[in-house]
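Novice: Chain residues, written in single-letter form:
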Amino acid sequence: MAFTYSEKVMDHFANPRNVGEIENADGIGEVGNSKCGDIMKMYLKIEGNVLVDVKFKTFGCGAAIATSSMATELIKGKTIDEALKLTNKAVMEALDGLPPVKVHCSVLAEQAIKAAISDYYKKQGIDPTPIVGDIGDCDHCDHCE
Amino acid sequence: MREIYADNAATTKLSPVVLEKMMPYLTEVYGNPSSLYGIGQEAKNAVETARANIAKNLGASNPNEIYFTSGGSESDNWALKGVCERLKSKGKKHIITTKFEHHAILHTCKALEKQGFEVTYLDVYEDGIVKPEDVEKAIREDTAIVSVMYANNEIGTIQPIAEIGKICRAHKVLFHTDAVQAAGYVKINVVEENIDLLSMTAHKIHGPKGCGLLYIRKGILINNLIEGGAQERNKRAGTENIAGIVGLDAALQIAVDTMEERCKKLCALRDKLIDGLLQIPKSRLNGSREKRLPSNVNMCFEGIEGESLLLRLEMNGISASSGSACTSGSLDPSHVLLAIGLPHEIAHGSTRMTFDESTTEEDIDYILEVVPKIVKLLRDMSPLWEKIKDK
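If you read the sequences in order, they're chains A and B.
Heads up, the first sequence is in this note's numbering, so the first residue is 1 and it goes up one at a time.
Heads up, the second sequence is in this note's numbering, so the first residue is 146 and it goes up one at a time.
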């Protein structure tokens with residue numbers, strides 16, 4: 001169990017950064033489903049073009065909580081463009097790797113950020129698709145099948 | 146920090162008394178029981194003494210009905226493959242088992258399905274108990290064997306083995322039970338319960354890993370699983386694991402001798418823990434409370450995921466297990482919890498704690514102090530919990 005996770009994963013699991021909600025968030029994204037055992041919800045506070053605050057809530061395994069926590073750290077204070085460039089691979093690398101069966105957790109983290117930014121654009125009356133692109137749909141992920 | 150080992154259904158600590166009995170056979174008495182000289186014959190005597198004593202403790206009428214194996218998985222594989230492959234030529238091609246068997250049975254059934262056998266997987270209902278009448282209804286002309294576990298490894302529910310045995314005997318169908326979890330906690334008598342084949346293993350009852358047995362009632366036709374030398378009366382090849390066999394016998398003897406008092410104590414601790422954990426809102430006990438192994442507590446806490454709970458338990462010195470998938474490397478929730486009808490999202494939030502005689506009331510108090518805090522912490526960060534908490 002614990003030994004299959006890196007020290008960084010365990011640190012972010014035991015002391016998750018940026019847990020919680022943002023009141024009147026500018027963008028909220030929720031991905032995953034309870035059937036597969038992971039739900040990530042990301043809250044963004046955006047000023048100008050910058051993510052001035054990021055918070056998350058996650059239902060899921062140790063890797064799901066750790067990737068959420070790391071992802072929020074990596075995008076907090078960054079611009080929207082920079083946040084959109086964050087890949088699941090970058091999250092994994094920042095955590096010193098994940099067991100193969102947990103890679104999908106990092107994908108969820110990337111998707112949660114994109115979903116929250118899409119929500120922000122929708123609230124602005126802007127079509128997010130050309131900017132954010134295809135977020136990917138958890139229901140079509142083969143991990144649960 | 147207090148350290149609590151609460152995963153005795155996974156494996157147990159080797160008893161020092163058992164180790165002491167094993168030691169001569171790991172050191173001086175290293176002979177091969179098939180050899181005719183002194184240390185060979187001494188080893189052979191140890192095996193046969195253990196066989197006779199184990200037969201007595203399982204209620205078998207003849208020591209030669211006990212066949213030593215490498216453990217529960219081999220015994221389960223042998224029982225099903227050995228019987229089914231033998232009876233195939235007699236037109237038998239149907240197996241009856243349950244949805245919540247150990248994978249040693251379920252995956253063996255899958256392998257036999259590929260060979261053309263049909264398998265009926267019986268329901269186990271919400272309480273995790275097989276209905277004997279379902280067994281009777283499922284029996285067909287071509288049924289080769291019925292296999293129902295004595296007690297479930299995840300939720301600890303004890304099955305009506307004697308009733309099922311009676312039905313199978315009346316219909317002249319062979320009956321196998323995987324008693325890996327039940328042995329040492331439940332009085333077993335293979336003759337009285339009409340059990341034809343029974344699997345058990347040493348390491349769940351403070352014996353060594355790597356040694357188990359298959360009881361095969363005299364006269365039952367069964368193919369070999371392991372071919373080779375003439376050991377175990379030509380039925381199971383391989384030089385005997387003498388120390389393991391001696392350890393298995395010693396462990397079972399201690400378990401039988403201490404059963405009544407030990408189980409009484411364990412039941413009291415188990416019930417205290419269940420009562421305490423049920424105080425947590427939206428928690429549930431999985432499986433029947435009454436027909437349950439004295440050592441087993443299996444709970445679900447809605448809105449949280451099992452692995453996170455386990456990791457937090459470990460951070461607090463508690464070694465437990467989860468039916469949740471994440472630990473086993475697959476992402477599906479426990480097949481046992483799905484079999485008792487839990488929806489996926491609740492089945493993901495399970496934890497199993499299994500105790501032994503070293504568990505104290507203080508341990509239970511500590512668990513009851515720690516678990517509610519962990520559940521609250523995880524729920525506070527769970528987007529699922531905010532949706533379901535007021536429902």
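Keep in mind the hints are simulated off the structure, nothing from the lab.
Some clues are possibly wrong.
Claimed, not checked - Have a look at the derived ranges for each label pair, beta carbon to beta carbon:
| # | chain 1 | residue 1 | chain 2 | residue 2 | range |
| --- | --- | --- | --- | --- | --- |
| 1 | A | K122 | B | K282 | 52 to 58 Å |
| 2 | B | E258 | A | D11 | 42 to 48 Å |
| 3 | B | K255 | A | D11 | 38 to 44 Å |
| 4 | B | L430 | A | D81 | 27 to 33 Å |
| 5 | B | V336 | A | G97 | 54 to 60 Å |
| 6 | A | P99 | B | K235 | 44 to 50 Å |
| 7 | A | D96 | B | K235 | 54 to 60 Å |
| 8 | B | E278 | A | E93 | 56 to 62 Å |
| 9 | A | E47 | B | D535 | 30 to 36 Å |
| 10 | B | K158 | A | E7 | 24 to 30 Å |
Beta carbons are placed, not taken as given, at the ideal position from N, Cα and C, and that holds for glycine.
Novice: Would you mind marking each hint as holding or not holding in the structure?
Specialist: To see whether the hints hold, each was checked on the structure:
1. For A/K122 and B/K282, the Cβ-Cβ distance of about 56 Å falls inside the hinted range of 52 to 58 Å, so the restraint holds.
2. With their beta carbons about 46 Å apart, B/E258 and A/D11 fall inside the hinted range of 42 to 48 Å.
3. Taking 38 to 44 Å as the suggested C-beta distance range, the pair B/K255 and A/D11 conforms, at roughly 41 Å.
4. About 51 Å separates the C-beta atoms of B/L430 and A/D81, a value inconsistent with the hinted range of 27 to 33 Å.
5. Look at B/V336 against A/G97: about 56 Å separates their beta carbons, and that is inside 54 to 60 Å.
6. For A/P99 paired with B/K235, a C-beta distance near 48 Å keeps the hint of 44 to 50 Å intact.
7. At about 59 Å, the CB distance of A/D96 to B/K235 agrees with the hint of 54 to 60 Å.
8. Taken as a hint, the range 56 to 62 Å holds for the pair B/E278 and A/E93, whose Cβ atoms sit roughly 58 Å apart.
9. Here the CB-CB span from A/E47 to B/D535 is close to 33 Å, well matched to the stated 30 to 36 Å.
10. In this structure, B/K158 and A/E7 meet the distance hint of 24 to 30 Å, their C-beta atoms being roughly 28 Å apart.
Comparing the model with each numbered hint stated earlier shows that hint 4 is the single one that does not hold.
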